[in-house]
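A.B. asks: Spelled out from the first residue to the last, the chains are:
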Amino acid sequence: MDPTTSMYVAQGIHGIAYGMVLFLIASGLTIIFGMMGILNLAHAAIFMLSGYFCYQIIFLTGSFWAGLVLAPIGTAIFGIFLERVFMRSIRGAGHLGELILTLGISLVILGLVKIFWGTQSLPMQVPDILQGMVNLGGLDYPIYRLFIIGMSLVVLILMVLLLYKTRLGKIVRAAVSDRDMVNALGINIPLVFMLVFGAGCWLAGIAGVAIAPILTVFPGLADQVGMDAFIVVVTGGFGSLAGAFVVSIIFGLLSSYGVQFISQLAPVLMVIFMAIVLSIRPNGLFGVKE
Amino acid sequence: MLLEIKDLNTFYGESHVLQGLSLNIAKGELVALLGRNGMGKSTTLKTIMGLVKSKSGHVIFEGTDITGLPPYKAARAGIGYVPEDRRIFPQLSVYDNLLLGIKGGKIKNPNDPNVWTIDRIYSHFPKLKERCNQQGRFLSGGEQQMLAIGRSLMGNPRLLLVDEPTEGLAPIMVQEVRNVLEEINKKAGVSILLVEHNLKVALSLAHRVYLMGKAHIGYQGSVEELRNNNEVRAKYLEV
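Residue numbers (this note's numbering), protein chains in the order written: chain A, 1 to 290; chain B, 1001 to 1239.
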């Protein structure tokens, strides 16, 4: 491969890797919104929290793999706690209450993180096997980013199997369109909500661990990546997994090629893309009219 | 009594939409709840189902007070709900829509002839079998109505709350839906509380009728009595 081509290819894979991470965050956000009608402003903070959990677990055990598995489980349990204790108590009180509550939760998480871990950015080492480069037909490419893509694909496949092949998944898909009707069929919707909220936080947790070795862990992580995930959900259409996936990949590519070609405009490319999509399809790319 | 409703009061914000409503249904009965738009018929069904909370009063089903229970508990107690506008899950196949109607996801005694299975639903609604793999949103209005009824039967309810089942259907489908409800009531022995605008259909099916005035029951009686009482019909039904 000549140097120019290999640079394009490398940027493309970079974009896909970032897109996959965005998708992990956005998928939880969009399912929680679609099913429960909650726009969870704390989602990005939970994503960041997972990075800190992972850092702490590596600090204690010395094992990246333990962090990779346990940190997302930690955020899932934390999410279930939030749902049971806080979200459930204000259900039906309208969107404003939920927005203020989740914003408050995200500020509390941010504050606690600063108290426990400080404000400096914490580096994270990946195991030797994930370090270094691999040769892709003349192109040297970082193994860790390929690992992110592979892991995200596995999660994506598991998610699709769960949603389309199991009864629980069918319940979730039905509840995205009409939760009251699912409830009236004898299905314990509050329990399903709790599981979905936990699963969404688990996905955000995986994303948090995946991105930490690249960007390091710091309190600003939530704002930096979280905002992109929100833009993905809005552009893809609230409640649409397919929309979240397609737009995540587009955004990943936009941001990596954007930096290369029009670096001054790169930070706003996603917003411009969102504005164009929403002016043509106000409910998002895959959104359904209410 | 299968279902007793005593002095139910329900509010939507400030507006008092059910004012001391009482009614009852005996086992095996098909009772019609009639009245003009906006009187509170659908709200009555939603309150029984727990989809709307009442401020006071009682809903007693088979001797158990189920007032204020969440919808899934009302369903598990043995009440099925066929809502206005059918509310089929649009992204799910016909088969999956029926599957979600099974309580706990598993049919306990599939060989018991009184238990509803997907095959038994298909034998009542052959159209659904033909379209079993199609998504709910591609069904016609009549087919969606059949599916909504079939889906609620999958939970083996002893009481079915049916809201406007013939609304917007072609005359031939109206007749078909009517016959299905009759079969479910007479042959399968499921009691039905029916909200229906088509007076001819309602009176041809019901054993008894309740007529709703604004937020309360204004009249109750047998179908025969209502047929002979022009004054009551004019007061509560004619537009």
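Any given hint could turn out to be false.
When the alpha-carbon atoms are kept at most 25 Å apart in a straight line, the in silico DSS-like pairs for lysine-lysine are as follows [claimed, not checked]:
#: 1; chain 1: A; residue 1: K165; chain 2: B; residue 2: K1129
#: 2; chain 1: B; residue 1: K1200; chain 2: B; residue 2: K1027
#: 3; chain 1: B; residue 1: K1200; chain 2: A; residue 2: K165
#: 4; chain 1: A; residue 1: K165; chain 2: B; residue 2: K1103
#: 5; chain 1: B; residue 1: K1027; chain 2: A; residue 2: K165
Bear in mind the hints are in silico, worked out from the structure with no lab data behind them.
A.B. asks: For every hint, state whether the structure bears it out.
C.D. replies: Evaluation of the provided hints:
| no. | hint | in the structure |
| --- | --- | --- |
| 1 | A:K165 / B:K1129 | 20 Å, holds |
| 2 | B:K1200 / B:K1027 | 24 Å, holds |
| 3 | B:K1200 / A:K165 | 44 Å, violated |
| 4 | A:K165 / B:K1103 | 18 Å, holds |
| 5 | B:K1027 / A:K165 | 39 Å, violated |
Going through the hint list in order, the structure does not satisfy hints 3, 5.
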